[in-house]
Every structure is written in structure tokens, then in C-alpha cells.
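Can you join these two chains into the complex? Each is in its own frame, and there are hints to help.
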Amino acid sequence: MIRLHDIHKSYKTHLGLRPVLRGIDATFRPGEKIGILGRNGAGKTTLLRLIAGVEHPTHGKVERRMSVSWPLGFAGAMHYSITGADNARFIARIYDRPVQETVDFVEDFAELGEYYRLPVRTYSSGMMMRLGFALSLAVDFECYLVDEVIAVGDSRFGERCRKALADRQERSALLLVSHQAETVRAFCTSAAVLNDGRLTRYDDLDEAIAVYHAA
Amino acid sequence: MGRGPAAAGQWRHATAVSATTQRRAPPGGAFARQMRVIGALTLRELGTRFGRDNLGYLWLFVEPALLGGTIGAVHYFTGHGLPGGLNPFEFWVGGYVPFYLFRGVVNRAPSAVPANQSLLYHRHITLLDIMIARDVLEGAAVLGAMIAFLAIFGIVFGDWPDDPFKMLIGMMLMLLIAHGVAMLIATGAVYTEIFDRVTHLVTYLTLPITGAFWMVFWLPSEAQQAALWVPTVHLFEMIRDGHFGKVVPTTYDVNYAIYWAAGLNLLGMAGLRRARLDLVV
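So the sequences go chain by chain: A and B. In this text, residue positions in the first sequence follow our numbering: the first is 1, and each later residue adds one. In this text, residue positions in the second sequence follow our numbering: the first is 1001, and each later residue adds one.
A hint or two may mislead.
What the hints assert, rightly or not - Pair by pair, the computed Cβ-Cβ distance ranges are:
id : chain 1 : residue 1 : chain 2 : residue 2 : range
1  : A       : T122      : B       : Y1256     : 33 to 41 Å
2  : B       : P1208     : A       : G41       : 47 to 55 Å
3  : A       : S125      : B       : I1258     : 49 to 57 Å
4  : A       : T189      : B       : A1270     : 54 to 62 Å
Think of the hints as simulated: they come from the structure by calculation, not from any bench. Heads up, the beta-carbon is just placed ideally off N, CA and C, and yes, glycines get one too.
Isolated chain B, as found in the complex (with noise of 0.2 Å):
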């Protein structure tokens, strides 16, 4: 009986509440809004990390680059061969950007609410907004150099990639599977400073098993099966499907590292949602 009365209150709050958001909802709704309040975090973030001084905006590329084109030519010069024979300078490359990417969206999730608070300060920026904002901005520096790489290697070596689209999708979900790790860091990173100081020495420490410089074939049956649980190993694999082609065996499924990246990413939205509630600004 005693509920009545609160539920008739609860659902006039809820008649109120879409009425303002009708009303104030720009053409396309709340979505489109969101997507504008990304887009500006995304344009804030590029101001930031990288300024108006000196390469400005170009860093974003050549950072990636910098890193990824010394390890390859590190192992290029070195000059141990590769089963299958392929191209140390591209296997050593197409390994380290993708896994550059990973890394970089984890290792910078710990600090990507302390680093944002004063945006929380307004109330339609979402944790999640802020945490698309950079990853986005991540995804497009690393994939930028690594389509400049691509093209070195097909004018320097002739190679061309064999399926750039596999290589895209690889990417992409790589960049997802990061984005849901590395909201769960920051969810953690509100509650405990652990995450703070432990998320660069997993990162580094994971590195071996990640997939980034090894291919599943080369290792013996068993260890295959064992590697291939690990997520981010399918992808490399696919990315190399797409960068090789036939020339080297590979071993993937695609929809595992979906159903991870969905996985990661529910939940990482969820913890996010709640950590929201929790966050002394």
C-alpha cells in the first residue's frame, strides 16, 4: 500500500526528466550529442598531449613510428633469419605498432580520470566520453604510422600488404580489447592507487605471451593451444594474415577476440558507470 504513492512520484520524475531531455536535445538526439561531446574531448586531447610547439600534431605519427622503426631496423641489422623467411624489418614492425597500440592505451589509463577531473565539472561529459576520446585519438596516431610503414615496405621492399582490410580489422579490435582493459584500469585506478603503480609492469611483463613477436606456428602443438586462449593472439595473427598473406602459416579466429573485446568493453562501461557515483572530484 505504502508504495503507491512513491511510484506515482517516481514515474512523474521520469515523465519530467524526458520532457527537459526533449527539449533540450539538439536534432539527432542524445546520441549526437554525445558523439559532439566526444569530438570536442577528442580536439581538447590533440591541443594537449601535443601542443603548438615545434612537429605539433605531427608527433602523433611519429612517435609510433620512432619506437616501431628502430626496433625493426635494430632487427634488421641484426639480421637472424625468420621462419618462413619472412622480412625481419616488416615482421619485427607489423608486431611492435600493434602491440605499441595496446600498451599505450593500457599503460595511460591509470591517470585518464585524475588528468581529467576539471572535465567532470560538466555534468553531460561521461567517463566514457573521456576514455573514447583518447583511445580514439590513440588508435588514429598508431594506425596513421602504421599505414606509413605499410608504405615504406611497399615502395622499399616491393611488399605490399596482402588483405589491408584483415589488417584493419585487427586493429581495430586491438584497439578495443585495449579501450575495455583500459577502462577497467581506470574504474580500479578510482578506488586504488595499485593500478597506478602495477599497470606498466604487467604491461611489460605480459609482453612474451601477447603474441606481438612470435607466430603461433613456430611454437609445438601443445604451446599452440595454449597461446591461442590468449586473446590478443588471434589478433596479431590476423594482422599478419592480412600483412603476409599466404606466405606464412597463421592460426585465428576472429569472433574469440570479439566476444572478448565485448566482454571487456560491457564491463569496462559498467565499472566506469558506477566509479562515476563513487569519484570525489
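If we strip away everything but chain A, and leave its shape as in the complex, we get (with noise of 0.2 Å):
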């Protein structure tokens, strides 16, 4: 389970300071995959580094009682003066996993051929998103946090990444963040807005895209 309490975060800039989340509180349970819409700015990203514990809130506090995930993006997480398989090698020991396990696991999943051998640097951005997901399944987090990636990723391993998290239906939730409903529908069961700092649960996907149109 993850609860948020009146969350708050805003950001030093040159203009003054800008308030981004304005007081968010929810709940989310193990299993859950729910999708949190909001346009561009809304704060998406934030909330999610957040949830992450990758920035800390102005006020509030995140409860943690299930293993988080890094936001899965395109950036972050990974070193790109190091190879992939060095990528591997690295999370396996952080998070104190069999070593050569983590390694196989991940060649086998994110399909870089050669370039597993090579650093992350040289990699296109889908073959960094790949690597990152794989890294993140070999970790085996109860509930994964995604910044719509998997969406802008190749179809066929969009497919793949939807398998694997349904094949982990029972023990892990998943929050994907993304500012495309259909998106959000190809992942999730149910579906939060994001407006003007503040979320909203919603039980019905369909209740929750409608109102996301509307706003």
C-alpha cells in the first residue's frame, strides 16, 4: 500500500516560487493499475518522483508499505559511461540480487543483441527504455511506476511489458502516469485526473476519461 498525505511540492524559479501539487491525498493498494491523466505541466512527473522518493515533498508525507519502483522513464536511473550488461550488474547489487540472474534476465528481456556490451550511451532511446524497464522487472518491485514510456516504445514491446506486468497481477500494482487516455485504458483498471494540483480517484475508467476530455 502507498498513501500520499496532503502532498505538497513546489519548486524554486527564477519567477518565484511555483507551487506544482497543492495538497494530494490517496491510497493506493497492492494489485491496483491505475492510470493518472493530466496535461502537460499538470504535474504528472512529479507526483510520480514523488512516489519514488526521487524528490522529497515541500509538505507531506509518502507512506510506503510495499517496494517501489524508480519512475520508469527515459532518463534517470541508468549510467550511460557504462555498458548495459555493467547497468545490470550494478541494480543486482544494490538491491541485492543474484548477480548473474539480474544480467541473463535482462539480455534475454530488453533484446539489445550486441549492444548489451556496449555503453548505455551509444543506445537510441528506445533501447534505453527497454533497458530500463528490464532492469526494473529483474528487480521484481511490488508496484512500478511508469511515465508513459511503454506507449512510445515500439508496439511489439509494448505488448511484451503488458504481459509481463499482468503476469504479475496479483503482487504488483502499477501507476502509470500519461497525458493519453487510451494509453491509460490499455493499462489500467481504474483512473485518477490530475488538474490544478490536485487528484482525483476515480472507481470507473470511463467516468475518469470523460471527466479528463471535459477539463
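Put into C-alpha cells, the structure is as follows:
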């Protein structure tokens, strides 16, 4: 379970303090597949980073009672100067996983071919995304935080990701942020709308999408 | 009255958190996990800094050794004598290598956080882990170079260190003080770019007062009192005491250096904790 208690987040800019999130309370339960819909700049990525613990809220508290992945997106979490395989070794070490098993799993899932033994900086953005997703699946988290990338990758890999997440239905929760209602519909069973720094949960997916489109 | 339920809520939260930690902690607990993370970070740092090309990891020792050796050789061959009749090569290397440690750790501090931001995607990696991994590696490299030099001095000049243990403690305290300063600089660098711009300048300007290239007994007595306010002066004296023994008089107080190391490290750790909350990754 993940609980958000009155989360506020502001950033200091040259134009003064810019509030992004203005008081978010929410609970995400094990196994739930939730889409968070929001326009560009609504604070979706910020919210995901706070839940992941990459950044900290200006006010409020994030309570994590299950293991939570890092936010999966194009950037972050990987080291560009070392190879994909070395990244897998590193992840295995810091998350206390068997090293060889992790290296093999990632090689198999990410399908990077010979690039797996080359520095990540030589990868295309699609390859980086595949590596990042494979690394996080290798750790086997109870909740995955995904930043609309799966939809951006090629459809075949998107399908495999969906399958991998579905296989973990029982134990793994999914929090997916997106500005596209179709992406949320493809991956999630319920949704929330992030608007004006506040989050509204809807049990019914269609209702959430209707509200999102109306806003 | 209003505080009652809130306090109870906090208490419940606290028990929940500790329950999670207990369930997920490996045998040996949080400390073991932190050591594992620092170990993995050190390995990664080794890989990213030195790569797998040509000399690879050997650069770790070769870099400080080349610089120390060159400085020592220049002074050896220009041939001016030193008070107390010390071998100039040994004196300059013995001062330069620990200084290199101090400068290396401090100069690399402003880039420590920006260069490792991607690590912070992994929640249980702290800024302290990142700093420790970098500085332990730097310390190991410089210690390796120092040992190599001492072996060469022993073989070439027949001068073996008088008390290697004192030298080791001196180097360790040097590393700790540098690490404390580095943590404070890394903290500051999260808030302003000034540290990035002036750190190199300041380490360069402070070189004359660190005590790397002179000894306390060379100074007039009033200057000696002033010099002994500087914590690194004590450490260079201690390292020379271990190196040359009773050949030259040395003045130092280990406890004074330990207090500095402890103070700087506590402030540095507190600073990093605070900076992590404000850091935009």
C-alpha cells in the first residue's frame, strides 16, 4: 500500500515559488493498476518522482508499505558511461539480487543484442527504455511507477511489457501517468485525474476519461 | 486535545514503517545494506572513472604517483638542502601525496552530486553513500601510491618509515577531514554554483598554509602557534613523525585533528541530509 498524506510540492524558479502539487491525498493498494491522467505540465512526473522518493515533498508525507520501483521513463536510473550489462550488475548489487541471474534476465528481456555489451550512451532512446524496463522487472517490485514510455516504445515491446505486468497481476501494482486516455485504457483498471495540483480518483475508468476530456 | 489523534496516527505510522524495514532488511540490518550499497557504488565509481581501456584501474595509483614523483624529482635535482638534512625527494613526496589526497577529495566535491544524480533514482542510495564511495576510492588510490613510494624509498635510499602506523593514522585523518569539507562543499553546491567556481581557487590558495611543504620547527615560535591552529598542519607533522622518526622534531596533537574531523563530518552529514530534501533531481 502507498499512502499520500497532503502532498504539496513547489519549485523555486527565477519567477519565484511555483506550486505544482497543492494537497494530494491518495491510497494505492497492492495489485491495483491505476492510470493518472493529466495535461502537459500538470505535475504528473513530479507526482511520480515524489512517490518514488527521488524528490521530497515540500509539505506532507509519502508512506510506502510495499516496495516501489524508481520512475520508469527515458532518463534516470541508468549510467550512460557503462554498458547495459554493467548496469544490470550494478542494479543487482544495490537491490541485493543474484548478479548472473539478473544479467541474464535483462539480456533476454531487453533484446539489445550486441549493444548489451556497449556503453548505454550509444543506445537509441527506444533501447534505453527497454533496458530501464528490463532492469526494473529484474528487481521484482511490488509497485511499478511508469511515465508513459511504454506507449512510446515500439508496439511489440509494449505488448511484452503489458504481458510482463499482467503476469504479476496478483502482487504488482502499477501507477501509470499519461496525457493519453488510450494509454491508460490499455494498461489500467481505474484512473485518477491530476488537474490544478489536485488528484481525483475515479473507480470507473470511463468516468475518469470523460472528466479528463471535459476538463 | 486536537493533538491526540494526530499523535496516535504518527505512532501507527512509525510502527508500520519499522515493520516494513524489518521484513525487508537483510540479515545484519540497515548497516549491512548500507555497506552493500557503498560497495556497489565504489565498484561503479571505479568503472566509470578509470574504464577498462589501456592501464585501466592502474591509473588509480599511477595518477597520484606520477604527480608526487615529478614534484619530488624536481626538488631532488634542483638540490637545495632542507633543515634537518632530510632527503628532499622523500620530503616533497611525503608532503605532496597526502596533500594530493586532500585536494583531490575537496576539488571533486562540487561535482559529486550533479555527476551522480541518476543514482538518486534508487531511493535507498543516500548522498552520504555517494560521497563515501568516492572518497574511499580516492583514499585507497592515494594510500596505494604512498605505499609504493615508501617501498621505493626503502629500496633506493635505504630509508624505511620509522612508524608506518602513525603515517597510516595521519593519512586516515587527512581523508576524514577532507571528506568532511567535501560533504559541506557538496551541500553548498546543491544550493549555489559558487562552490563549483571557487573551490579549485581556494584549495590552490590555501596550499601554503596546509603544512604540506614546510615543518613547524622551521618557523619562528609565534608563527608556530598560529600554524598549529590549522588541523592539517598537525597531520602533516604526524605523517612526518611516522616517516622520519626522531631525525627531525615534530609538533602535533592527534586529538585536535580528531575533533576537527568529527566536527566537519557531523556538519557535513547534517548538511547532506538537508540538501537531499531540497534537491531537484
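For each hint, the structure was consulted:
As the Cβ distance of A:T122 to B:Y1256 is approximately 52 Å, the hint placing it in 33 to 41 Å is violated. At about 53 Å, the CB distance of B:P1208 to A:G41 agrees with the hint of 47 to 55 Å. About 51 Å separates the C-beta atoms of A:S125 and B:I1258, a value consistent with the hinted range of 49 to 57 Å. At roughly 45 Å, the beta-carbon separation of A:T189 and B:A1270 lies outside the given 54 to 62 Å, and the hint is violated.
Checked against the numbered hints above, the structure violates hints 1, 4; every other hint is satisfied.
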